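Student: Hey, can you work out the whole structure from these sequences and the hints?
There are 2 protein chains.
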Amino acid sequence: MGKKYVYDFEEGNAKMRMLLGGKGAGLAEMTRIGLPVPPGFTITTEACKEYYRRGPKFLDEIWSEILSHLRKLEEKTSKKFGDPNNPLLVSVRSGAPVSMPGMMDTILNVGLNDETVKALAKLTNDERFAYDAYRRLIQMFGSIVMGIDKNKFEKELEEVKKKYGVKYDAEIPAEGMKEVVERFKRVYKEETGEDFPQDPLVQLRRAIETVFKSWNNERAIKYREIHEIPHDMGTAVNIQTMVFGNMGWDSGTGVCFTRDPSTGETKLYGEFLPNAQGEDVVAGIRTPLSIEDLKNRLPHIYEQLKKVAELLERHYKDVQDIEFTVEKGILYLLQTRTGKRTAQAAIKIAVDLAKEGIITKEEAIMRVKPEDLRRILHRQIDPKAKDSAKVIARGLPASPGAAVGRVVFDSDKAEKLGNSGEKVILVRPETTPEDIGGMAAAQGILTARGGMTSHAAVVARAMGKPAVVGAEMIKIDLENREFRVNNVVVKEGDVITIDGSAGEVYLGELPTIEPKLTSEALELLSWCDEYRKLGVRTNADTPHEMKLALEFGAEGVGLTRTENMFVKGGRTEIVYELLLAETSEDRKKALEKLIPLQKKDFMDILEVMDGKPVIIRLLDVQFYALVFADPEKLIEEYYKKKYEERVSEEELERFRNIINRVRAIRDVDPQMGFRAVRLGIVYPEVYEAQMRAAMEAAAELKKRGQNPILEIMIPGTVDKNELVYLKEIFDRVLREVQNKYGVDLRVMYGTMIESPRAAFLGDKLAEVAEFFSFGTNDLTQFMFGWSRDDAERAFIHAYLEKKILPYNPFQNLDEFGVAGIMKICIEKAKKTRPNIEIGICGEHGGDPHSIKICHKLGLDYVSASPYRVPIARLVAAQAAIEEKMQSQ
Amino acid sequence: MGKKYVYDFEEGNAKMRMLLGGKGAGLAEMTRIGLPVPPGFTITTEACKEYYRRGPKFLDEIWSEILSHLRKLEEKTSKKFGDPNNPLLVSVRSGAPVSMPGMMDTILNVGLNDETVKALAKLTNDERFAYDAYRRLIQMFGSIVMGIDKNKFEKELEEVKKKYGVKYDAEIPAEGMKEVVERFKRVYKEETGEDFPQDPLVQLRRAIETVFKSWNNERAIKYREIHEIPHDMGTAVNIQTMVFGNMGWDSGTGVCFTRDPSTGETKLYGEFLPNAQGEDVVAGIRTPLSIEDLKNRLPHIYEQLKKVAELLERHYKDVQDIEFTVEKGILYLLQTRTGKRTAQAAIKIAVDLAKEGIITKEEAIMRVKPEDLRRILHRQIDPKAKDSAKVIARGLPASPGAAVGRVVFDSDKAEKLGNSGEKVILVRPETTPEDIGGMAAAQGILTARGGMTSHAAVVARAMGKPAVVGAEMIKIDLENREFRVNNVVVKEGDVITIDGSAGEVYLGELPTIEPKLTSEALELLSWCDEYRKLGVRTNADTPHEMKLALEFGAEGVGLTRTENMFVKGGRTEIVYELLLAETSEDRKKALEKLIPLQKKDFMDILEVMDGKPVIIRLLDVQFYALVFADPEKLIEEYYKKKYEERVSEEELERFRNIINRVRAIRDVDPQMGFRAVRLGIVYPEVYEAQMRAAMEAAAELKKRGQNPILEIMIPGTVDKNELVYLKEIFDRVLREVQNKYGVDLRVMYGTMIESPRAAFLGDKLAEVAEFFSFGTNDLTQFMFGWSRDDAERAFIHAYLEKKILPYNPFQNLDEFGVAGIMKICIEKAKKTRPNIEIGICGEHGGDPHSIKICHKLGLDYVSASPYRVPIARLVAAQAAIEEKMQSQ
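Keeping their order, the protein sequence lines are chains A and B.
Okay, so the first sequence: first residue is 71 according to our numbering, each after it adds one.
Okay, so the second sequence: first residue is 71 according to our numbering, each after it adds one.
Quick caveat, the hints were computed from the structure, so don't treat them as lab data.
Quantities reported herein were computed from a predicted structural model and do not represent experimental measurements.
Check the hints yourself; a few may be wrong.
Stated by the list, open to error - When the alpha-carbon atoms are kept at most 25 Å apart in a straight line, the in silico SDA-like pairs for lysine to any residue are as follows:
#1 B/Lys898 / A/Ala459
#2 A/Lys797 / B/His867
#3 A/Lys711 / B/Arg726
#4 A/Lys834 / B/Ala868
#5 B/Lys834 / A/Glu298
#6 A/Lys658 / B/Ala868
#7 B/Lys658 / A/Leu870
#8 A/Lys901 / B/Ala889
#9 A/Lys711 / B/Tyr713
#10 A/Lys545 / B/Lys834
As the list claims (entries may be wrong) - Partial pick of chain B residues on the chain A-facing surface, computed with a CB cut under 7 Å:
#11 Asp739
#12 Gln741
#13 Tyr811
Backbone N, C-alpha and C define an ideal beta-carbon position, used for all residues, glycine too.
Tutor: Given below as structure tokens:
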């Protein structure tokens, strides 16, 4: 006996993909596990390859093998090819080992002819349907197999519609369909010189050959080139029985989810239209029944569906979205695929499947997408409402979530109204640390300027507050208390809705969906904690944010910014003093006032985080930047004062002094200017004051019997000597504080790694630093030599469009450059100090793509803003599981 | 026999430094080669160590050994210790193996007492001198050996001066000196309870012990700690005969250079004061003779000095600066050291010594300091005039050299006056490419703002034009055409002098010294070319600069900036068009006009450099930066127009439009903004136009039979894909140009390495780039995350003062961070493309410290501004020679 070229569905399985193609192997698998699939057989890819080697005559050689499988099919279905009473109809479909959707040919309804069409009409009691099926066969066969111009058929169809005065195909009556068939047969004859073949076997054979040929049609070749699919795989051909749901009231068609895709509840969910075909559902003329109704209507089908659902879930280990047809009381599955679901359902389903033993906990964790968690953590605009609402302005999606409130243009007012229970949106040109009170009291923030790392964006993310920033199209008029965008004027007090996930602004109130960490989500996250190796800390500046992060499972604080401790609660005057101070003594005088205030701030923080590590980052920006966001504005203001407000010469003079001071000291390149540890080197008294405030706070708590775990972090280091210089101050202040409070205090001393030089000299820095925290925002800026603000405003879009970069490196950690140098840094640092604690506190710490890289780099922890803590726990677990799977 | 602890000078040599100390070994060496050194002997460091092990009694053990050497010394000098007619006097000096200047003790005139002082008076015929010597001995011995408070002696001295009514010690007459001696002896007795020891041997022994002890005095210990000198080395003690030049007219004292230290001429140079001691020369009462005069006065001494000079030069292989004394017709060398010399002399001497066979060519090259070359290449303010002139303002020393001229406040006027032969200094708040004409016509440039990499600084260095930039203390009033600094008002037309090497501004004209590359310098540089491995190219933008660089020995152009080709000669209007263009088509229209103009520019360049490689860097800054240095100024101008000039509403509107445009597109962080290759990715038509202009220029020259060697360089790359994207355009344009001109053109395609990411991914970039050029200005900025402007203005000084960094990394290549990543880049790149051409075009390319690192890194060439080309040739040779020496 020769080689076997034809397989019944019963003879194959899922693993025979190369031989049977993807579709053939799938049908075989479903048949094998006992699912009611319309029977059929598959001609192998080997046959296709032989066909290309030997040409059309090869089909002669395997024809008897095909015929013998056709006979078996007739037996199985109790139908016969060409039988004028109960005809067998089949589809002939391509199916390559690799999916090439829509690239190759398919012919349906093979087996229909002038006789069998009548039988079909009788069996379905639907003449229109039967002739429609027939004309479709002639059309497909004519154009695909015989190469007739499709427009020839379309023209005839149009004429018939005109004749019956209808607009859509579906409105053509049975008589009309019969006429279409006649016209199509005529076109067929005119174009090919022969009649449409009435012999089903001739139809079948030509359809098979056409599918073989379609492997090498132009678009398929092109597709394979683009997707790098080998050209010598060949396609299989699937011949499958057609089934019809319109053969009476014991027939019908439906779709069914094995669980509720919007809640995740464990019940069949879907709809069923009796005595109908799939097209009827689409047409929407009749209202379908819910699947529940089948219980009464066709109870055995309902039961069978339930069993099928269980079988499918156990087999495919996930919720399935099934298309099925019932033909005369017999259930046929036409298709099954993984069911789409909402974020909330996705999480519930994963957890339930694990509890039911269908999947493992690991699989459940892998199943949930970080995006799912993000969705349920933030208020969303109701998708239904969103479609019909009009966006009045767009900006950068700086902090996710939706917010609704009255527009307010200054922070004091926002704070007052917000704290009195009013819902407000703070709208500002941009924000400074002075605006923090107003931001905290507002529902959301909208700014006209600034990028993804602007003050507004960073603080809003930390607060979990929706924010749209850099919406440059809105023109804010602070004097008249309104903003304009195109022709819309929005006055203070008007209600707007902002979508911080999309960067959109809407006029009026849009309905929103409440965020909720469901019990399933909490359970899933607790599983994650069993698997992950990465610790998860949070970037948070206030006790409030830290409490939230603790609820979300944070194990410590990876970054507390201290800038706000200089300006909040009326401390701005002290910053002015620092700004205008000429000597170290002047600065010390101002700092004396700050220390007790900041000590209190630190105590509040350390108390919330009792027993968990808290990293305090020392001052990172110049004094002027704490109070003036934009020195250019100062100049405009000056001229307004001078020429419009006509203020006194004296006041003008004082103002000019401040401007001159700011001008003299402000940076040409703020991101690379006089900031970070450079402040501590030039003004060591400032860093000393901060160290003292933090250490005194810890000492006092310790004295009270609490367990503060303080880590002090130097930002922006480039050289070991910076750390050495400040470590002397650190050690001295620590001794002094210990003596003053009479307690033993252990405080860790470490640094951010933000410059490529620091990363490159990790071994040297680790001689002094007990911990590292990668500041990947800056590290990315400096590795590229790109300012994030400028990049996202001016050129990143072109880099992504032209595929020069695969992603925005400010959102997703650059795995080649930035992660490359991080790897070197870590290796070098561990040589010097094997137990060095290494984390990441750049915003990448909350980004899934980046967290996986952090796992691979072997970091001790990632630190993310509170709302991203759950996401970090999830992705950290996924990374650990992926690694385990790869090593198996 | 025991260990030998005492060595006559004749017994030692230069190699016995550990045993005899530095001074002892030096005296022994000089004695050994036959120089007339006052005889003496050395007590070894071993003795000192034994003294510390065994205490004072050890001195007893070696006392007889010391005495036997003392006897020999008496024989050699025909003098005797304590001889009332011809007494031997000695100095007792410390001398450790490592120089510790001033840290340990010295006692002179040991051997004087009440008797021998009379003999000294008689022998020198100078009673005052003898008693002065004696009182000095008592004073030194009293304070150093016996620990008497110095003030006690000073008080007595003061009283005697008062008594004689004189102000200075030197004015005390002989009688007075005798009284001082008496008073000092009284102090000695009062403080110690014993008389000043009259026995010279007692004096000697105690002096020796005191020197031993001084090894462990506090300041010596501190000094050793700071300089990491081992504490157990011990010091030697040198006992040397005192000689006196004031023993008659056949005695005297002098200093002598073996060659003329200001011209380098080969002749003895110096002065001689007969019958005098060194102190008399210092006192300046009598005028010394020139060394030439010795020919007649003491011809045998002159001849002996000539021989000594030759001997010394051959022995020490360099010009020596000798101190000598003639005592009764006998020449004694007191000291010889390497002679200081002017830059011009240094070069001549090195070349002459090599030609005379005293040193090798390699030694001659190593002998010349880069600073020497720099000095003779730039006009200098005459040092004599400089001391008395008053600096009216200081700024950054942006481009070396001195310039004198009339102040002019705008570039057009500077250009007009300058080209008509007037000497002008262009004074501007800062400069833009529009000012280039004026800068070229001016003698020098002074700006009030900007750092070492500001436009003014970079262009001035390239032009070799003296410049002082960022002189923030000068307040320029453009309207009134004057600047103020403190209380000085300088009006247009006033003459000033600037010193670009020191960053100083003077009122009026100061005399200057012409620069000159002497024939010896040219010869030396030609020797350098035989040794160096590094190629030397130049950074130059104009044919004029390139010609200059060729004269200085440049082998090609490593960097041609193309920004000026957009604005010079009235092209600014085209930049406005580009600035306001909304579409690629609009930009193309504007560029059409530029291409033929720039083609001409490129032809001029390629013609000058015919046969030598020329690297063209494509546009590196945004259009607005080509014309507006400071957008903030625009705003001030706007308000002036509005409220002061009261211009028409229309004009105001147009101005506001430009401001808005600039505001919308300008960078937040200019150094990391939308510039460099990002321009080429977003506006590929701009890079295409530049490529076309350059390639057409090369093609046309080639057609004319010339040999243009064009290399096109992409700035600011971060990823291989940027290079791939632009390479397609490059290849297409090259094909088009070749077809148009019918010539075969080979153009190299390469990139600057300016971002750490590019350096780190050197292997990837080398897949496309045929050459790399390190842009270490930016690479340093990004490795550190420091903007040079901000760093040098605000914090570098603190880093250097506090010794956190050993040098300014913007001036001297950072060998740990920046050079570290360069090394990685080079290694990776060579793996991909072993023959890749790698150079450096950052300003470090002209800095000696950095050039040595470049040599070690194995770069193909350094590229420096024209005036630094000779320095680069020199240092490159020195680096190669150093390497050779180290490998031997």
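Student: For every hint, state whether the structure bears it out.
Tutor: Cross-check of the supplied hints:
1. Between the alpha carbons of B/Lys898 and A/Ala459 the distance comes to roughly 55 Å, so the proposed pair goes past 25 Å and is violated.
2. Annotation: proposed proximity of A/Lys797 to B/His867 holds, straight-line Cα distance about 20 Å (limit 25 Å).
3. A hinted pair counts as satisfied when its Cα atoms are at most 25 Å apart, and A/Lys711 with B/Arg726 qualifies at roughly 20 Å.
4. A distance of roughly 21 Å separates the Cα atoms of A/Lys834 and B/Ala868; the hinted pair therefore holds under the 25 Å criterion.
5. For a cut-off of 25 Å, the pair hint linking B/Lys834 to A/Glu298 stands: about 23 Å separates their Cα positions.
6. Between A/Lys658 and B/Ala868, the direct Cα distance comes to roughly 18 Å. Compliance with the 25 Å bound is thereby established for this hinted pair.
7. Between B/Lys658 and A/Leu870 the alpha-carbon distance is near 23 Å, which keeps this suggested pair within the 25 Å criterion.
8. Between the alpha carbons of A/Lys901 and B/Ala889 the distance comes to roughly 21 Å, so the proposed pair stays at or under 25 Å and holds.
9. Note on A/Lys711 and B/Tyr713: the hinted pairing holds, with a Cα-Cα distance of about 13 Å set against a maximum of 25 Å.
10. Taking the CA atoms of A/Lys545 and B/Lys834, the gap is about 45 Å. The hint is violated against a cut of 25 Å.
11. Using the Cβ-Cβ criterion of 7 Å, the hint placing B/Asp739 at the interface with chain A is satisfied: the shortest such distance is roughly 4 Å.
12. Satisfaction of the interface hint for B/Gln741 is found here, the shortest Cβ-Cβ separation to chain A being roughly 5 Å, below the 7 Å cut-off.
13. With a cut of 7 Å, the hint placing B/Tyr811 at the interface with chain A is violated, because the nearest CB-to-CB distance is about 30 Å.
Violated hints, in rising order: 1, 10, 13; the structure is consistent with all others.
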